[in-house]
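Novice: As given, the protein sequences belong to chains X and E, one line each in that order. Using the numbering used here, the first residue of the first sequence is number 1, and each one after it goes up by one. Using the numbering used here, the first residue of the second sequence is number 1, and each one after it goes up by one.
Please note that the accuracy of each hint is not assured.
Said to hold, decoys possible - Just a few of them, taken from the derived set where beta-carbon distance is under 8 Å, the chain X residues facing chain E: (1) Thr172; (2) Lys216; (3) Leu217; (4) Asp278; (5) Asp322.
Unchecked claim - Derived CB-CB ranges, DEER-like: (6) X/Ala190 - E/Ser264: 31 to 37 Å; (7) X/Val305 - E/Leu185: 26 to 32 Å; (8) E/His96 - X/Asp117: 54 to 60 Å; (9) E/Thr169 - X/Pro156: 49 to 55 Å; (10) E/Arg470 - X/Ala190: 38 to 44 Å; (11) E/Asp321 - X/Val304: 54 to 60 Å; (12) X/Arg260 - E/His96: 40 to 46 Å; (13) E/Ala524 - X/Val94: 55 to 61 Å; (14) X/Thr105 - E/Arg402: 31 to 37 Å; (15) X/Tyr106 - E/Asp30: 56 to 62 Å; (16) E/Ala399 - X/Asp88: 45 to 51 Å; (17) E/Arg402 - X/Val94: 35 to 41 Å; (18) X/Val289 - E/Ala399: 42 to 48 Å; (19) E/His96 - X/Gly7: 45 to 51 Å.
What the hints assert, rightly or not - According to the in silico footprint, chain E covers these stretches of chain X (three or more CB under 8 Å from chain E): (20) 100-107; (21) 129-136.
Rather than coming from a laboratory, the hints here were simulated on the basis of the structure. Remember, predicted model here, so these are calculated numbers, not experimental data. Cβ coordinates follow ideal geometry from the N, Cα and C atoms, glycine included.
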Amino acid sequence: MAGFLAGLLDATVRAATPLLLASLGEIVSERGGVLNLGVEGMMLVGALCGFATTATTGSPWLGFAVGTAAGAAMATVHAVLCISFKADQVISGVMLTLLGGGLTTYFGQSWVSETIDGFDAVVVPVVGPALVDLPVVGPALFQNTLTDYLALALVPAASYVLFRTNIGLEITAVGDDPEAADTMGVPVFAVRYLCVIVGGASAGAAGAHLSLAFSKLWITGMTAGRGWIAIALVIFAQWRPWRVLVGASLFGGIEAFILRSQGLDLSVTGVPFAGPLDAAVGFATNPQVMAMYPYLATVVVLVVVTRNSLEERVGAPAALLDNYSRETE
Amino acid sequence: MPAKLPPGESDAYLRLAGIRKTFPGVVANDDVDLTVRRGEVHALLGENGAGKSTLMKVLYGLYEPDAGTITLDGERLDLDSPQDAIDSGIGMVHQHFMLIPRLTVAENVVLGDRSHAAREFTWPADLTDSLRGLPGAGVGARLASPARARLPDLGRAADRAASLPGVGTVLGAIERGVVGTTNALTLDLSAPSERIREFAAEYGVDVAPDAPVWDLDVGGRQRVEILKTLYRDVELLVLDEPTAVLAPAEAERLFETLRDLADSGITVIFITHKLDEVGAIADRVTVLRDGQRVDTVPVDSVSRDDLARMMVGRDVLFDVDRPPAAVGDPVLAADGLETTDQRGVGVLSGVDLSVRSGEVLGIAGVSGNGQTHLAACLVGVRDPDAGTVTVGGRDRTGAGPRAFLEAGVSYVPEDRVAEATVPDLSVMHNLMLKSYRADSDRGRIDYGAAAARAERLVEEFDIRGVRDVRETPAGDLSGGNLQKLVLARELSRDPDVLVAHQPTRGVDVGAVEFLRSTILDQRASGTGVVLLSEDLDEVFAMSDRIAVISEGRFVAETTPEEADPETVGLWMGGERTPGDAAADRPGATARPDGGGE
Chain X
1 MAGFLAGLLD
11 ATVRAATPLL
21 LASLGEIVSE
31 RGGVLNLGVE
41 GMMLVGALCG
51 FATTATTGSP
61 WLGFAVGTAA
71 GAAMATVHAV
81 LCISFKADQV
91 ISGVMLTLLG
101 GGLTTYFGQS
111 WVSETIDGFD
121 AVVVPVVGPA
131 LVDLPVVGPA
141 LFQNTLTDYL
151 ALALVPAASY
161 VLFRTNIGLE
171 ITAVGDDPEA
181 ADTMGVPVFA
191 VRYLCVIVGG
201 ASAGAAGAHL
211 SLAFSKLWIT
221 GMTAGRGWIA
231 IALVIFAQWR
241 PWRVLVGASL
251 FGGIEAFILR
261 SQGLDLSVTG
271 VPFAGPLDAA
281 VGFATNPQVM
291 AMYPYLATVV
301 VLVVVTRNSL
311 EERVGAPAAL
321 LDNYSRETE
Chain E
1 MPAKLPPGES
11 DAYLRLAGIR
21 KTFPGVVAND
31 DVDLTVRRGE
41 VHALLGENGA
51 GKSTLMKVLY
61 GLYEPDAGTI
71 TLDGERLDLD
81 SPQDAIDSGI
91 GMVHQHFMLI
101 PRLTVAENVV
111 LGDRSHAARE
121 FTWPADLTDS
131 LRGLPGAGVG
141 ARLASPARAR
151 LPDLGRAADR
161 AASLPGVGTV
171 LGAIERGVVG
181 TTNALTLDLS
191 APSERIREFA
201 AEYGVDVAPD
211 APVWDLDVGG
221 RQRVEILKTL
231 YRDVELLVLD
241 EPTAVLAPAE
251 AERLFETLRD
261 LADSGITVIF
271 ITHKLDEVGA
281 IADRVTVLRD
291 GQRVDTVPVD
301 SVSRDDLARM
311 MVGRDVLFDV
321 DRPPAAVGDP
331 VLAADGLETT
341 DQRGVGVLSG
351 VDLSVRSGEV
361 LGIAGVSGNG
371 QTHLAACLVG
381 VRDPDAGTVT
391 VGGRDRTGAG
401 PRAFLEAGVS
411 YVPEDRVAEA
421 TVPDLSVMHN
431 LMLKSYRADS
441 DRGRIDYGAA
451 AARAERLVEE
461 FDIRGVRDVR
471 ETPAGDLSGG
481 NLQKLVLARE
491 LSRDPDVLVA
501 HQPTRGVDVG
511 AVEFLRSTIL
521 DQRASGTGVV
531 LLSEDLDEVF
541 AMSDRIAVIS
551 EGRFVAETTP
561 EEADPETVGL
571 WMGGERTPGD
581 AAADRPGATA
591 RPDGGGE
């Protein structure tokens, strides 16, 4: 059982990282007032571009950078459409997801059977060698790829930037009331562009992490809905970076459990009502059913939050989906 | 152009000349000239839709004018954005609050101005030392004391390097980039908070710097708006209808602040459509009508009637004619109404009232004392926690808005944009919102008839600014005309009951006169009216009986003949007079027979 738990925890950290990266970026984008539903597509493009670059040059860091840049480039399209041309944010985002899926399916065919070295798990220096042998939690906490640690480091960084800096104030302002921000001399459009592009870069990085560190393979459609979970996670986390860490661990844990529970015997015997109980456990641990848990959790959080949201500090950016233009009369 | 200006304009501090601004189909400003002297309070008076806000948005860099020039203190201004206006010392308090509720006061004040960030910022000493050891150490050392764009003050090494062609530019760009990034990625609120406290002491605009804005009342939010401009060293302060959201006492406090500001040398432009405010605060006044300047005059040289005539273009009656009431049977009654807000705090605590056909019951009170809940309960939009509402003798408690509507209850809500209309829908659609069911033929709507009806109502209620009833969105109408639209919809149903909440708030005098006389006409035809208002002139001019609401219950009941506005004003503030028995008893009633005896 300890071995199973250690494996589960390790897999949880690894599954959480792409969610963490993509959700942190989506938080920045949405806090700036622009919903980006293209995360899934940007992750796919980031994954393929990163993989192809690494397979060609052999450098995982170069691949990671190219994957990040590819996500940023797709987000730039979203920014131009939504911020400059006032296109509907939902339509533009869904279009980019479909585009990313189509493009990577087409251009990814020749990379399907390729292999790369990618990022290897490394032991944390100084304290790592001593602690990595801790039972159950050791490998999960102290032996991961560098991109896992990068994602973790981005949590406090994002929290600091959003809540403790001028640019964070300006992001909050353009996301809540772009007109008010404009009257205060905040460059609304520049700040929104920045937020959307940072969000896309993070999605691209999340995709590159998938293909370079998580699976070290390119598989068509390999994001498998993680982009959508990342968007749900932003709501789950109420647009706050630290809560994203909690949510990503939870959702990552579910994903890890789905993968690892298949060999597990969870049947219930020898207790009263064993028959119906067994059926219920069987249903609840069915992989397809478990794949819905992140969305169910998001709905539960939404319900709980709306019931308690007297305080205006929680909740969605007030001007999310509003495409601001100055002269409307 | 100077020929059009009154004499004595050579001392102009601000001069707008020939400003023209058009929107599709509308000329908002038609060659407007405006001259403002240094240190004066200059009122900009005009009806809603006269172009006052548009002119000031041009001055603040929000709108780009089609033609015209702006000169401030002898210098021609070319404003591309509000930031340019702020840099020129212009500050503006907008009609709607421009605040981010989830941020604190101090955060709202510094928003958009990063210069404060670096004031207290120093690099860690060891980092500075290691930078000194690097080639080009001058730049590194310079970075240890970042301040915005002090380029000539480069370090010695950088100076030498900068003397080479091109290098200075590059170094400058790098320094600006580093300082800019540093400013973007830091935030120090201690110095701004200190300044906010200083302003508070100097001008009486006291707000706690670390209070979240969502927690402030409207008066507090307004003070934050003024703080925002003071923090940016405002020299010319523009306020766009700042009293629209304020209770009378708060408005008086605002005027005191504005006088203090003017005394300290700040020039103030005060947009309003309220004649009393012009007399109370301004030195000179410029009147706009239909996008054009009518005249600029010293305030003490004109009468209130003169101003009203300049503003509306005709004589205005301030007192509506209220013939004696011909009262009939009770049409609406409430008994023991109690409600709580979303936090579970009591809002209404036992309100009884009864209105008979053909009379106006005025409910006077400072807003926020339960009027919104009371109005909503009386028209079925909110179900009371306890108590009953009776319409035409039948208990309708909990029956829902549609039952009330079909029982002949009409409602003019407090918020005409959010509650009373659908701004994106056309004038025709808005006018048929409450009658389309009755007018439809087995679910089919006759749009031809609806449009004809809408045109008739637009004509009858003098709703201006409607190009095509089917096309013009209601949201395009000015406040007064939108309110006429609401009243047209509610009264065209010939209701038995009309509940009107602040029906003339934020509406210009010409429309006020029309709205009040229309409501009184409806009373004459037998409708029972409940009028909730904090405007005592309105309550006294319109009501047959007056109930005073304070903290969710009636504290006094009187008639316009028995009481004077001063006494009612005191009651509204919660003060009771010993002689008034009704005021001493909790849950005093506003029944025509004098209550529950």
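Novice: State, for the Cβ atoms of E/Asp321 and X/Val304, whether the hinted interval 54 to 60 Å holds or is violated.
Specialist: holds (57 Å)
Novice: Mind checking, does the stretch 100-107 of chain X have 3 or more residues with a CB under 8 Å from chain E?
Specialist: violated (count 0)
Novice: Is 26 to 32 Å respected by the C-beta to C-beta distance linking X/Val305 and E/Leu185?
Specialist: holds (30 Å)
Novice: When the nearest CB of chain E is found for X/Leu217, is that gap smaller than 8 Å?
Specialist: Not OK, violated: X/Leu217 not within 8 Å of chain E, min 38 Å.
Novice: For the pair X/Tyr106 and E/Asp30, does the Cβ-Cβ distance stay inside 56 to 62 Å?
Specialist: For E/Asp30 against X/Tyr106, whose Cβ atoms are near 58 Å apart, the range 56 to 62 Å holds.
Novice: Min Cβ distance, X/Asp322 to chain E: is it shorter than 8 Å?
Specialist: violated (14 Å)
Novice: Could you see if the CB distance from E/His96 to X/Gly7 stays within 45 to 51 Å?
Specialist: Violated, at about 57 Å.
Novice: Do the Cβ positions of E/His96 and X/Asp117 conform to the proposed distance bound of 54 to 60 Å?
Specialist: holds (58 Å)
Novice: Lying within 31 to 37 Å: is that true of the beta-carbon distance X/Ala190 to E/Ser264?
Specialist: holds (35 Å)
Novice: Does the CB of X/Thr172 sit less than 8 Å away from some CB of chain E?
Specialist: With a minimum Cβ separation of about 6 Å from chain E (threshold 8 Å), the hint on X/Thr172 holds.
Novice: Do the beta carbons of X/Thr105 and E/Arg402 sit within 31 to 37 Å of each other?
Specialist: At 53 Å between Cβs, range violated.
Novice: If you look at each residue in the stretch 129-136 of chain X, do at least three have a Cβ nearer than 8 Å to any Cβ of chain E?
Specialist: It is violated: at least three residues are needed, and the stretch 129-136 of chain X offers just 0 whose Cβ sits closer than 8 Å to chain E.
When held up to the earlier numbered hints, the structure conflicts with 2, 3, 4, 5, 9, 12, 14, 16, 19, 20, 21 and fits the remainder.
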